[in-house]
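Protein sequences, first through last, are from chains A and B.
For what it's worth, my numbering labels the leading residue of the first sequence as 90, then goes sequentially.
For what it's worth, my numbering labels the leading residue of the second sequence as 4, then goes sequentially.
Hints listed in this document are in silico derivations from the structure and should not be mistaken for laboratory results.
For glycine and all other residues, C-beta sits at the position ideal for the given N, C-alpha and C.
Hints are supplied without guarantee of correctness; some may be wrong.
[Said to hold, decoys possible] The following label-pair restraints were derived from C-beta to C-beta distances:
id : chain 1 : residue 1 : chain 2 : residue 2 : range
1  : A       : Gly-142   : B       : Ile-12    : 41 to 47 angstroms
2  : B       : Ile-289   : A       : Gln-267   : 25 to 31 angstroms
3  : A       : Asn-221   : B       : Gly-233   : 26 to 32 angstroms
4  : A       : Ser-487   : B       : Ile-12    : 25 to 31 angstroms
[Said to hold, decoys possible] Covered stretches of chain B (chain A as the covering partner; in silico rule of three or more C-beta atoms under 8 angstroms from a C-beta of chain A):
id : stretch
5  : 46-58
6  : 67-79
7  : 123-129
8  : 228-241
[Stated by the list, open to error] Which bits of chain A does chain B cover? Going by a derived footprint, with three or more residues having C-beta under 8 angstroms, they are:
id : stretch
9  : 292-306
10 : 438-449
11 : 482-490
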Amino acid sequence: MGNLTAGLNIALQSMLAEQGAIDTTSNNIANVNTPGYARQRVDLEETPPIQIGNITYGTGAQLKQVLSLRDSILDLRVNQETQQQGKLDSFLSSAQQIQALFNETSGTGLQSDLTAFFNSFSELSTNPSDLNLRQAVLTAGQNLASAFQQSSNSLANLQHSVDLSVTQSVNQINTLAQQIAVVNTQVAAAVSSGQNAGAFIDQRQQLINQLSSLVDVSEIDAGGGSLTLTTSNGAALVVGGQSFAWTTQADPTTALQHIYSQGSDITARISGGQLAGQLQVRDQEIPSLQGSLDTLAGDLSTAVNTQHQAGFDLSGAAGGNFFTAAPAGNVGAAASIQVAITDPSRIAASSDGSAGDNGNSNAILALQNQNFINGLTPIGAYAGLVFKIGNDVQSAQSNEAAGSQVLQQLQNLQGGVSGVDINEESANLIRFQNAYSASARVASVIDSLLQTTIDMVNP
Amino acid sequence: MSVRLNPNILPDLLTSIQESRGNLNTATQQLSSGRRVNQLSDDPSAAAQLVANHDQAAQDDQFLQNLSGLQSKFQVADSTMSSVVTLLTRAVSIGTEGANGTVSASDRQAIAGEVQGLLTQLVSLGNTSYQGAYLFAGTASTTQPFTLDPATQQVVYNGNGNSNAVALLNGASVKSNVPGSQLFQNASGNAMSALGDLYHALQTGNNIAGALSEVESALSEVSVQRVFYGNVLNQITSSENFLSQDKVNLSSQENTLVGVDPAVAATDLAQSQTAYQSDLAATGQILNLPSLLDFLVH
Chain A
90 MGNLTAGLNI
100 ALQSMLAEQG
110 AIDTTSNNIA
120 NVNTPGYARQ
130 RVDLEETPPI
140 QIGNITYGTG
150 AQLKQVLSLR
160 DSILDLRVNQ
170 ETQQQGKLDS
180 FLSSAQQIQA
190 LFNETSGTGL
200 QSDLTAFFNS
210 FSELSTNPSD
220 LNLRQAVLTA
230 GQNLASAFQQ
240 SSNSLANLQH
250 SVDLSVTQSV
260 NQINTLAQQI
270 AVVNTQVAAA
280 VSSGQNAGAF
290 IDQRQQLINQ
300 LSSLVDVSEI
310 DAGGGSLTLT
320 TSNGAALVVG
330 GQSFAWTTQA
340 DPTTALQHIY
350 SQGSDITARI
360 SGGQLAGQLQ
370 VRDQEIPSLQ
380 GSLDTLAGDL
390 STAVNTQHQA
400 GFDLSGAAGG
410 NFFTAAPAGN
420 VGAAASIQVA
430 ITDPSRIAAS
440 SDGSAGDNGN
450 SNAILALQNQ
460 NFINGLTPIG
470 AYAGLVFKIG
480 NDVQSAQSNE
490 AAGSQVLQQL
500 QNLQGGVSGV
510 DINEESANLI
520 RFQNAYSASA
530 RVASVIDSLL
540 QTTIDMVNP
Chain B
4 MSVRLNPNIL
14 PDLLTSIQES
24 RGNLNTATQQ
34 LSSGRRVNQL
44 SDDPSAAAQL
54 VANHDQAAQD
64 DQFLQNLSGL
74 QSKFQVADST
84 MSSVVTLLTR
94 AVSIGTEGAN
104 GTVSASDRQA
114 IAGEVQGLLT
124 QLVSLGNTSY
134 QGAYLFAGTA
144 STTQPFTLDP
154 ATQQVVYNGN
164 GNSNAVALLN
174 GASVKSNVPG
184 SQLFQNASGN
194 AMSALGDLYH
204 ALQTGNNIAG
214 ALSEVESALS
224 EVSVQRVFYG
234 NVLNQITSSE
244 NFLSQDKVNL
254 SSQENTLVGV
264 DPAVAATDLA
274 QSQTAYQSDL
284 AATGQILNLP
294 SLLDFLVH
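Please model the entire structure based on the sequences and the hints provided.
Next up, the structure:
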């Protein structure tokens with residue numbers, strides 16, 4: 090058989106539990122716009138019943154725990170997709186600058202100078218001994234040379250600025266890794282003392298998501314609520330409460346910053362996030378374009394020089410180099426190409442030594458249609474370069490567009506699990522309020538019953 | 004139980020607005036630039052073909068410019084040849100006069116003097132230059148081709164027998180000069196030596212008829228050679244027509260590659276405007292939807 094005091098206890102305990110539920114609802118509503126917040130839910134449970142005689146009485150309800158609702162697999166997938174998007178975004182932002190340098194649709198690029206160079210020989214062939222036309226050939230050659238130099242320098246400048254961004258990204262990664270290590274300790278401490286670690290986990294997830302936009306992150310559950318973070322290739326970032334700072338150091342030959350983790354060079358092993366996109370532009374895209382430009386400039390100057398040497402200048406002397414000789418293996422040819430002669434009469438337009446012969450000028454002009462640059466004409470090789478630049482941007486753009494849809498879907502799923510819904514919280518608030526009021530009413534009834542009882546024995 | 008939806012719909016709404024805003028920008032850019040391809044990435048393969056197209060068009064321009072220069076040069080050469088014909092005709096005419104047995108010795112000397120003058124003129128015509136280059140020196144265009152020895156009235160050719168070819172489209176070329184030796188010292192009719200011989204014959208009175216027939220065959224040879232200029236000027240005109248047509252084709256190819264159909268672009272613009280506006284309207288309505296809180300009464 091029950092007693093009134095027990096009933097009063099049940100009512101009070103219920104009020105406490107509902108109060109906890111109202112607190113949680115209030116916290117959910119307060120954090121409706123907090124990034125990374127996962128909604129919380131209260132678990133209410135029956136307290137253990139008591140047996141009096143052969144009757145079992147319930148003893149009320151209590152607040153068992155407050156749970157953060159998140160789907161850790163979904164969180165992982167969001168982070169992975171974020172890494173992919175970070176890489177594509179940072180690649181695109183640089184690649185779009187590259188394509189602006191060669192935007193032939195608006196007349197920017199090498200085509201006009203390349204064509205004008207050969208056209209100057211075409212015009213010279215109409216009057217090979219004319220010094221004005223010869224001067225025009227030198228000018229066209231100089232224009233072409235400086236167009237090569239400018240393109241090459243612009244690429245080098247872009248590479249340099251991306252290099253600075255690499256260092257900044259590494260610094261950001263280090264800062265985030267430190268913060269994650271601190272929060273990791275807090276999670277572990279909360280878990281070991283049996284407290285609700287939800288708020289710390291929210292914070293940690295948010296930091297890991299930020300880190301994912303910078304670099305590829307692989308999460309390993311280290312037990313006890315603690316996480317170990319490495320790159321997908323195993324370079325350590327955070328282990329328990331310890332973070333591992335990465336360092337950068339300039340490569341002695343390229344002067345570009347290489348990334349070191351605990352003494353080993355991990356530059357080539359970064360596969361995701363903004364940092365990977367930056368490295369892709371810096372270490373692959375730009376060097377590949379520079380290589381193509383160098384081949385074009387180097388092979389062109391070698392072919393023109395060879396043909397030029399086969400001819401004779403205005404005074405009948407054998408021709409020399411028209412352009413400065415290309416460096417060995419064409420390395421840096423585009424940046425260093427220059428017209429080697431300054432005297433227009435030194436142009437070897439003649440193939441037989443007579444001043445008015447245009448045979449050699451015609452032969453140099455004919456190079457325009459010869460496939461001597463990796464099996465392509467000069468303009469063909471350049472068109473190939475233009476195609477590659479545009480195509481790289483286009484494919485990154487379409488990957489980025491597809492990826493961003495995937496990411497948004499994943500984020501919607503994540504929001505479905507963890508997002509705070511004001512309608513839901515409002516309904517819960519009413520539910521908990523009603524329960525609280527009812528319990529309070531019960532307490533008040535029991536109070537009056539107790540009063541009645543006391544009055545009964547003590548008139 | 005149904006799947007719980009993401010209560011935060013804002014990202015979806017914003018993405019949709021951003022997307023239609025992007026379409027609107029693209030449509031505006033296409034319409035204002037008249038181009039479908041404004042960045043290499045809009046159509047990499049069209050951009051690469053555009054490079055070749057522009058290269059070819061600029062080459063055509065250069066060929067046209069070359070042809071127009073050659074045309075002027077050939078016109079000068081042709082009018083020089085015309086003067087030579089007039090000059091030789093005059094030589095035949097006065098030579099015939101001198102060959103007449105009734106002409107006195109002193110008159111013959113006077114005619115010989117005029118022939119000498121004609122020879123000097125012929126040499127000077129043979130040394131005509133155009134834009135600083137001798138027209139009839141072969142490819143030795145900086146060397147004065149003909150020099151007259153005043154003592155012997157013999158003309159020496161200092162040029163060479165070569166000619167240049169100026170490249171045109173698709174490997175075609177046009178010959179850009181005829182050597183003076185071929186024009187004026189041809190084995191079939193040597194104008195220079197014919198006048199020299201006529202001068203000597205008139206002076207001495209010997210074999211005037213023989214010298215006269217030399218001049219006549221030189222005259223006919225010069226007329227034959229002159230045909231080259233007429234032909235080459237015709238060739239230039241037809242090449243110019245071809246190149247102009249090629250430029251029209253290239254320009255239409257460029258339009259196909261990167262141009263935009265104005266009607267399509269205008270429709271795109273109208274569509275993307277409508278889409279953008281309806282996205283904004285929808286977002287405004289959705290954001291103004293009431294929540295349960297608005298219906299809970301104390």
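A quick look at each hint next to the structure:
1. Between A:Gly-142 and B:Ile-12 the Cβ separation comes to about 57 angstroms, which falls outside the hinted range of 41 to 47 angstroms.
2. For B:Ile-289 and A:Gln-267, the hinted distance range of 25 to 31 angstroms is not satisfied, since their beta carbons lie about 41 angstroms from each other.
3. The hinted window of 26 to 32 angstroms between A:Asn-221 and B:Gly-233 holds, with their beta carbons roughly 29 angstroms apart.
4. Between A:Ser-487 and B:Ile-12, the C-beta spacing of about 26 angstroms keeps the proposed range 25 to 31 angstroms intact.
5. Only when three residues or more bring their CB closer than 8 angstroms to a CB of chain A does the claim for the stretch 46-58 of chain B stand; here the count is 11, and the claim holds.
6. Using a Cβ-Cβ cut-off of 8 angstroms, 5 residues of the stretch 67-79 of chain B lie near chain A, which meets the minimum of three, so the contact claim holds.
7. Given as covered by chain A, the stretch 123-129 of chain B fails the check, having 0 residues with a CB less than 8 angstroms from a CB of that chain where 3 are the minimum.
8. Look at the stretch 228-241 of chain B against chain A: 0 of its residues bring a Cβ nearer than 8 angstroms to a Cβ of that chain, fewer than three, so the hint is violated.
9. Check on the stretch 292-306 of chain A: 0 of its residues sit with their Cβ under 8 angstroms from a Cβ of chain B, so the three-residue criterion for coverage is violated.
10. With a cut-off of 8 angstroms between beta carbons, the stretch 438-449 of chain A has 8 residues touching chain B; three or more are needed, and the interface restraint holds.
11. Only residues whose C-beta sits within less than 8 angstroms of a C-beta in chain B count toward coverage, and the stretch 482-490 of chain A has 3 of them, enough to reach three; the restraint holds.
Consistency note: the structure conflicts with the earlier hints numbered 1, 2, 7, 8, 9.
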